[in-house]
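Engineer: Protein chains in written order, with the numbering used here: chain A, 1 to 251; chain F, 1001 to 1467.
The hints are simulated quantities; they were obtained by calculation from the structure and are not laboratory data. Don't take each hint at face value.
[To be verified] Derived BS3-like pairs: lysine-lysine, alpha-carbon spacing no greater than 30 Å straight-line: (1) F:K1418 x F:K1398; (2) F:K1171 x A:K235; (3) A:K235 x F:K1156; (4) A:K166 x F:K1364; (5) A:K101 x F:K1096; (6) F:K1112 x F:K1156; (7) A:K187 x F:K1460; (8) F:K1155 x A:K235; (9) A:K202 x F:K1418; (10) F:K1171 x A:K187.
[Unchecked claim] What follows is a set of in silico ranges between Cβ atoms, one per label pair, in the way DEER data are often shown: (11) F:A1325 x A:D208: 21 to 29 Å; (12) F:T1429 x A:P205: 52 to 60 Å; (13) F:D1259 x A:G138: 28 to 36 Å.
Using N, Cα and C, we set each Cβ at its ideal position, and we do this for glycine too.
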Amino acid sequence: MIHYRKKATGVLRHCLLSTALIALCAPGAQAAPSEADLKPIEQQLNALGTRIQRLQDLNEVTIVQHAYGYFVDKAQWRSLADLWTQDGTLEIGGRGVFLGKARVFEYMNVGLGPIGPHDGLLIDHQQFQCLPTIDEDGLHASIRCIAFVMSSGGWGHNYYEDRFVKENGVWKFQKLHGPFNMYSGYKIGWLDNTVLNTYPEKFPPPPDLPPSVIYLTYPNYYIEPFDYPNPVTGKPMPPPSPRAGGEAFGR
Amino acid sequence: MTVLTRAARLASSLLLGLALCGSAFARSDDARLAELQARLRGLDAETSYVEAITQIQRLGRALGYYTDKGYFGEAADLFTEDATFQWGMDGVYKGKARIRELLTRHGGGGLKDGPGLPFGRLNLRMQMQPLVTVASDGQHAHARWREWDLLGVYKKSASWGDAIMEDDYVKESGVWKIAARRYYLNFVAPYEGGWAAMKPVTGNWQSPVVKDFPPDAQTPASYAPFPAVFVPPYHWVTDHTLRAIQSQPPIVAPKRPDDALGKLEALADAKELQLARQESVRAIENLQAMYGYYIDKGQWRKAASLFSTQGTYEFGQSGVYIGNAHIERGLSLMGPSGLEEGQLNNYVMAQQIIHVSDDNRTAKARWRSDVELSRGGKGRWGGGIYENEYVNDHGTWKLSKLHYYVTFWGDYDEGWAKKPFPMDPPSTTNPPDQPPTVVYESFPKLRIVPFHYNNPVSGKPLGADAP
């Protein structure tokens, strides 16, 4: 709707209009608006401010999640661990829970290999479909997101159900939880060559706490609970039916 | 007139008028108060507009998470009671109950069992690249989405799926819902051989679902899937006046009088700027999605028109093309205009990290592209990272710099680990205006693409982490 020429004539028109308006308004000093005039305006502005801040929070939380993905790609473990609060936690696949920023670094640097990138070792973790939700308090948030993994070994698809906290105006990972959906080699894909999950002893370092949920990935069924209700009905998520397997819906 | 109300526009041009006319006068407090109230109404409408895009993005993503795991009833609940769902050439299904059954039949769930999927069923449908256009009434909207699928029945089949969706949305009692989805299936390709091995369809190519579950109406217009090149109709007609890629023009906050009213005026200035920058994030998401949809179909001229007049385009090691006409030439290195039969040119736009400048005048963004290609029966995977720049041209966002860093190219059958390809050198037939700005090799070599931003949490500059 914005055209230069249109806009220029519009400005000219409004210029004339405002000059006329001002000519009308200028003479005669008036009393300053009272507090009763200004109070509702201030309240409206603050209410709008809260809504606008929520929009900004949604973007900022998503940026932390997306930044995480770019750091994993190139094994930038120091930059990655910096995304956590001091006592934030990490749990990926079936490896158990790691407590605190230092352990997040160790999980990556010992478990997945030293800081990279290393030629010939592709570990692209593409972050897709992020769905952030800000808590009522404006200081906590959740995200559901997908990592679509293209690595030297093949494919991966996992979810994230993460929690964030805003400390001194900055959103940080309080908890990263990455349940797996499907991991497979390249040659025949997920036809029947899938990895059922990782587990605490699979590779070092050992976790601080056991896995918060035990489950198997494709061809088995597991669904990580949603942090948000249905966006239209507002109803919480029902548990999956028994045919989806007893361990589904964990915890 | 856009969502920005006439009142707010009048108010802002009044300000502009004051500045331009240059008369030094004091306006009455009554006039200032009325103007501020008008601005608040405009700000409210603008906030609702950005919220609408955000909520519609949320709806589409929520739908994907439901169908992934067999929550077909919850997925159907995102639609209006009388919604329609057009599935490829299968036809159109009407109403929530029918949509639920349609999703269940395609996803592999049981119709009476409740949510979940049986053992051995894979139905991962990734929802990406939304381009959301909200109508001026604030009650209706459209969006284009891309879906990539990983589908499977354990030990029986593994497939890739690819589709474009065009949706209608409506706001009912304050809640956005999907009123219509047109699901343009492009292919479901067996993992073995992939999309490049697919043969043209002949005659009826409806899915097996139709036999037991006939549609309520036929798909209105016939099309053929890949390897034919079909462009699902866009919900927009022209680009540069499309509200979806617009935001407020660059903002310079005026100096406000040091009185009670002036403090509120200054607060309104700050909120307007904060909102404009968030609106710009959505506009840039829409712009990059639009670019991606044009690239998909070889619409080089349309894609090139999304750049500013002095914009630059650099792809891999092919050099830099400057200005719309040269950029169109640079893009055409990917293939003939409109592509050729059997050519696939899917560049997903995802994982955006967008930073808008403090004055809402420029922006930078990092994106990722996951690439599916095919030409002449040969399939390829690719991956790479964009570091782009944008400029706010009187309220319309344009690409001022697009730089795609190739991470890898790999043969479909062998995979990137076994059979990576190098990048193309600069073209001799359509040479670039400048050589590559950075010389590097793609996989198996790996390098860190420079970040336009500092660490979002620690604020530390990003380079390469010390070992």
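Engineer: Starting from the hint list further up, note which numbers the structure goes against and sort them upward.
Structural biologist: 1, 3, 5, 7, 8, 10 and 11
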